[in-house]
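Listed below are the residues making up each chain.
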Amino acid sequence: MKKLNLRLFRMIKHSKGQNIAILIVVITGLFTYTAMNSAITNLETSLLEFYDLTNFGDVYVQMMHFPEGEVHNLENLDNVKEVDARIVFDAPMITSNRDEKVSVRIVTVDKYENRINKLFLEKGSRAIGDREALIQKQFAEARNIAVGDTITVQINGVRYPLLIKGLVSSPEFTYVMEDEQALMPRPDKFGIIFLEKDFVGLITGMKGIYNDLVLTLEDESKYEETEKLFKNRFDKYGIIRIIEKEDQLSNSVMFEEINGVKQISGFIPIVFLFVAAAILSAMISRNVKNDRLVIGILKALGYSNGQVLWHYIMYAVSIGSVGGVVGIFTGTLMSGVMTRMYLEFFYIPLLKVKIDPMNIISAVVLTTIFCTIAGLYGARRVLKISPAESMRPEVPKEGNRILLEKIPSIWNKVTFTWKIVFRNIFRDKKKFAFISLGAAFTVAMSLMTFWLSDLTGSMFTDHYGSFMKMDYSVKFSQPLSRNALIDLEKIIKPDYIEGKIEMPFEISNGRLTKAVNVIGLQQGSRFFDFKDYQGNTVDLPKTGALLSYNLAKSLEVDVGDAVLIHNYIPGRSDVYVEVKGIIKQILGINVYMDISHMEILTGKGSYNGAYMNTKENIGEDLNSLKSISGVQSIGEMQDAFMEYLDLTILAIVFMVIFSGLLGFVIIYSMTILSINERSMEFSSLRVLGFTKAEIFGIILKENSVMSALGFLYGLPMGKILIDALRTVYVSDLYTFDAPINAKNILYAYIFTTICLTIAQLITYKKIRTLNFIEALKSRTS
Amino acid sequence: MNVMSEDYNIMTNEKQIARSVMRNILFKIENLSKSYQMGEVTVEALKDVSFEIYDGEFVVILGPSGSGKSTLLNIIGGMDVPSSGKVYFKEQDITDYNEKKLTNFRRKDVGFIFQFYNLLGNLTARENIELAVEICEDTLDIDEVIRAVNLQDRANHFPSQMSGGEQQRVAIARAASKNPEVMLCDEPTGALDFETGISILKVLKQVNQEFKRTVIVITHNTPVAQMADRVLKMRSGRIIESYTNDTPIDPERIEW
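First to last, the protein sequences are chains A and B. Once you know that position 758 of the first sequence is 758 in this note's numbering, the rest is easy, because the numbers rise by one and skip nothing. For this note's numbering, add 781 to where a residue sits in the second sequence, where the first one is 1.
Isolated chain A, as found in the complex (with noise of 0.2 Å):
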């Protein structure tokens, strides 16, 4: 080993706690870098890869009902490509447990392979006939539900024993959620089924006629004009929506999370890095400073400019690529934890955990960048070491009066350690700066992790329970009467039970537009609870309609502006809507009106589900129900999220440990690099008598003023972190709108105050075993 490599290396054993330090923040970069890369890489190529395979639609298309002549005639439309017509609708699943509500969305597909969205077979066979099913693999899977069983579909009130031919996936669900608002997969409460076309057309008596269309496109780029031709031209069967491959709902949601990580993934490694990068470059300057003796003989040696930088600059490198290899193979390791951590949520049939290179390339890549730029920040005044005059002791800093030194007043208040303090502070500016940020960085980090520990916490109580506070959702298979809902109610008898309709329909403000469900409800409904964002309430308009934030958002519309829902019922035209008010609704986006008012949409008096409150189990009573068709309970909506929570949580230590980590890291290393600078100062305060526990004492002075500003600052760049999370997770689904409470400041400044008294505990070992009397021979090399 060359011989100024032996010197670094002992060099860097020698300060082996800061470099641990160091080592700790770029590892940290790089695992999160690598290990959140690695796994979106695996599900975004296996997702598209089973997306090339089996041919996943480019547009999917709700509509009342097409005619199977038609079918032809979409084909040949301009840009289409393929079409697969289908009968889509949920049904209940009779199952052993009679309390149990489970529901399974029919698909219907071709008898042997379909063109669009073709299944993937796990299990079994592909075939499938009369009374046979094809069947979700999750769902089967959550269900304990295996090739040759029987389940039984309550198909209009009939109950249809089918036999179970294969386990299949299908990319249109790779994220199985009912519908906008469930937010997660309840595998083994909600699957999807698929069944032979003839069949369901038998049983349904819907043959020929088909309530789902999937399309494939020629030029998936005009897309629009496509929409237009096909609205003009079909409008007449009832188009309720037309949803683009992008909006489609178990791909948005991939995409949703995919970019999401893809964000955070650039943006956590380079907050490390840059630490990381900053506390090295301090180190090496400080070390060039020490160092500048060394420097001298060296020169004087014979080495040349060029080998002397490259030697503090091998140092940077050196700890950037220890914490490189160390973060890039751990990161790598957990990316496989992780992507199986997403196959709980997503499942993709074909998801290969692999070891993408140019993940690891960018990872070392970016490593190397901000190592060598720190070295070379921090040992740029190597050039400027003269071998002469480094062997001449170095001239003492100018002391300069501070700006509180001119008011006396104030001045001759202050006590001596102080003074000290003041001086300290205000000499040295980049390491305040730098005290202050690491304070501002943990405040700030702690910050959001909290506010969004408590936002994911209280998402779901806030929602299902303060703003729906039904104990169930029914759907009904058939539009009934308000008779027909008395004798409902008597039937389940529910402590209260009001009647809705709930209708999709597309809603726009000039060219924007959205999809969504409007919901019409009885005037006083004891069932929503509308909140302004003020925390306001308010009352559901007589005419009219209210509008969700996110969606008055996407529309950019405001309260006194009116919408324009498109009416596809035949027979019903188009309607502009005022917006009465815009109301605080944490998932999903809807709109609500009164639901007389809404028989402007729908024609008169008619229900296609209810609300209601028991606090009997009323499963059983409603499965055998002909006219129900899907029964969603709030109460195990919120169990499915609790489990979601485990994951959130586990979610949440680790970013509290990377914020607390940071601001420890920081305070450490610049403390220690502190009483290293100035060792003599100290040496020469204990030969005046002080003790070791006072100048530990003008240390955390110095410390806590410093940290004192970050925590002010912290606070702000806590909302910008928040406000960019809440821009990176913009999303129809569900908003991050929870507003930074008190609570959550003080519980960020109760931790970043932890994790700074222990760094500052732990430096105290530094002064207790600096040996003054050594500190005091100042010509040491």
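In short, the hints are calculated from the structure, not lab data. All C-beta atoms, glycine included, are put in the ideal place defined by N, C-alpha and C. Among the hints, a few may not be true.
Derived CB-CB ranges, DEER-like [unchecked claim]:
| id | chain 1 | residue 1 | chain 2 | residue 2 | range |
| --- | --- | --- | --- | --- | --- |
| 1 | A | E405 | B | D874 | 44 to 54 Å |
| 2 | A | K2 | B | R1016 | 37 to 47 Å |
| 3 | B | K881 | A | S362 | 33 to 43 Å |
| 4 | B | D1027 | A | L688 | 51 to 61 Å |
| 5 | A | K2 | B | T1003 | 38 to 48 Å |
| 6 | A | L383 | B | F975 | 35 to 45 Å |
| 7 | A | F9 | B | K809 | 39 to 49 Å |
Based on these hints, arrange chain B on the given structure of chain A.
Below, chain B alone, put in the same frame as chain A:
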């Protein structure tokens, strides 16, 4: 007295001329001046200094502290640049050298020895020597040099485990093993006690005689001048006297 002194000067000059005819000039210093700023004060460290150093000589530059000895040595060694004047090394003007050439000059041709040894604390004695040798060509055998300075048993010790004399011997070995044209020693005995100082001077003499290296020692310690082939006396940035020792004495016989 004045006459005698002039006679002496004439005699020594004649001898010097005779020697210079026989020996090559290694350094030729012409009208060298150096001033630098210390806060608000301008210090004139060297004032119009001129002299020559011959190949293989043992030269002692004698003078009190602040007389400009170290500045002179630093400029000769390519560690510092003069304000004016020239330094020729083997007829090459090193004051014209750029940073790269100066580095190369220090690497190949000069071996420095400092008052406070200036070893690298986290390298052992042997490693300190290797540090210098690694970047040079045509170096001496390290083991041989270590033996010559009598450090065989201490070679693997760190500087902090060695006495001042031992550390200075490592510094000499480090400078000598590069096989430079000239060894420049800045108060090599300044931080040592008498006996250790003598032992260091012996080693320097040995390097001069056995390895045939030119050695320039600067010191404020007058008795050291007795071992030199030639002595340059300095005061207030000028050479005030230059003379040749006809019979340089053995370092062991020096006393102070």
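Beta-carbon spacing of A/K2 to B/T1003 - inside the hinted bounds 38 to 48 Å or not: Because 43 Å falls inside the window, the suggested range holds.
Satisfaction of the hinted span 35 to 45 Å by the C-beta atoms belonging to A/L383 and B/F975: 42 Å, holds
Cβ separation of B/D1027 and A/L688, checked against the hinted range 51 to 61 Å: This hint holds: roughly 57 Å between Cβ atoms.
Range hint compliance [Cβ, B/K881 to A/S362, 33 to 43 Å]: 36 Å, holds
CB-CB spacing for B/K809 and A/F9 relative to the 39 to 49 Å hint: 44 Å, holds
Range hint compliance [Cβ, A/K2 to B/R1016, 37 to 47 Å]: About 44 Å separates the Cβ atoms of A/K2 and B/R1016, which means 37 to 47 Å holds.
Distance restraint evaluation - A/E405, B/D874, Cβ atoms, bounds 44 to 54 Å: Once the Cβ atoms are compared, 52 Å apart, the range 44 to 54 Å for B/D874 and A/E405 holds.
When the structure is compared with the earlier hints, no violation turns up for any of them.
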